[in-house]
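Engineer: Kindly generate the complete structure, drawing on both the sequences and the hints.
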Amino acid sequence: MLRKFIVLAITMAGISHASAQDSTIVEEKPKPVISGALDAYYRYNFANPKDDLFNNFTSFTNSHNSFELGMASIKLEHAIGKVGAVIDVGYGRRAAEFSYPYQTENTSLLAIKQAYLTYSPSSKLKFTFGSFGTHVGYELLDAHLNRNYSMSYMFSYGPFFHTGIKADISLGGKTGLMVGITNPTDLKTASNMPKMFIGQFSTGSK
Numbered sequence: 000m001l002r003k004f005i006v007l008a009i010t011m012a013g014i015s016h017a018s019a020q021d022s023t024i025v026e027e028k029p030k031p032v033i034s035g036a037l038d039a040y041y042r043y044n045f046a047n048p049k050d051d052l053f054n055n056f057t058s059f060t061n062s063h064n065s066f067e068l069g070m071a072s073i074k075l076e077h078a079i080g081k082v083g084a085v086i087d088v089g090y091g092r093r094a095a096e097f098s099y100p101y102q103t104e105n106t107s108l109l110a111i112k113q114a115y116l117t118y119s120p121s122s123k124l125k126f127t128f129g130s131f132g133t134h135v136g137y138e139l140l141d142a143h144l145n146r147n148y149s150m151s152y153m154f155s156y157g158p159f160f161h162t163g164i165k166a167d168i169s170l171g172g173k174t175g176l177m178v179g180i181t182n183p184t185d186l187k188t189a190s191n192m193p194k195m196f197i198g199q200f201s202t203g204s205k
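Those letters in the sequence shown? Residues 0 to 205, by numbering that gives the first Met the number 0.
Hint data in this document are derived by calculation from the structure and do not stem from the laboratory. Heads up, none of these hints are tricks.
Heads up, simulated SDA-like pairs for lysine to any residue below, C-alpha to C-alpha not over 25 Å straight-line:
1. K81 <-> L116
2. K125 <-> M195
3. K187 <-> V82
4. K74 <-> P100
5. K123 <-> G203
Structural biologist: See the structure below:
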């Protein structure tokens, strides 16, 4: 009888200790996510012209017989509750040509690929404010995120990024709508200039 009582007491003590541990568990807070990439290349124009060496009919081809740093980039993402922030910076020829309106200026805007805040009041609605990559086309500035290393004509002659505010609305399933208002294409600053409306409708099967 005494042995059973001792076993029962030990069991109850173990349960009490486990309950105390459970009550002190604190939900882990979201941590910042840091990612980065680096690419480099060598480009040679086999026509080897004496003039107009670059043959740059697409973006990011302004070199000949030269090793180039494509881009070194670092991206920081963090979310607290319904609010999130993204800062994406890059250095190299890709980053400079991505911000082509500012190439003649000694400005930090050259290094900023993306910088924006997000606010999600619900799971079906998200607002984005700042400078963000374009929704147009299927290619991105970051070489490692594309199927091909080189850029197509579609990417070269379309918008690179937008600066403004947009809303992403989930319509159920894989169907969504995006609407926004921004500065003119590829301008991070646009004092007293007309603004543009952007939009996108997307859907998909299972």
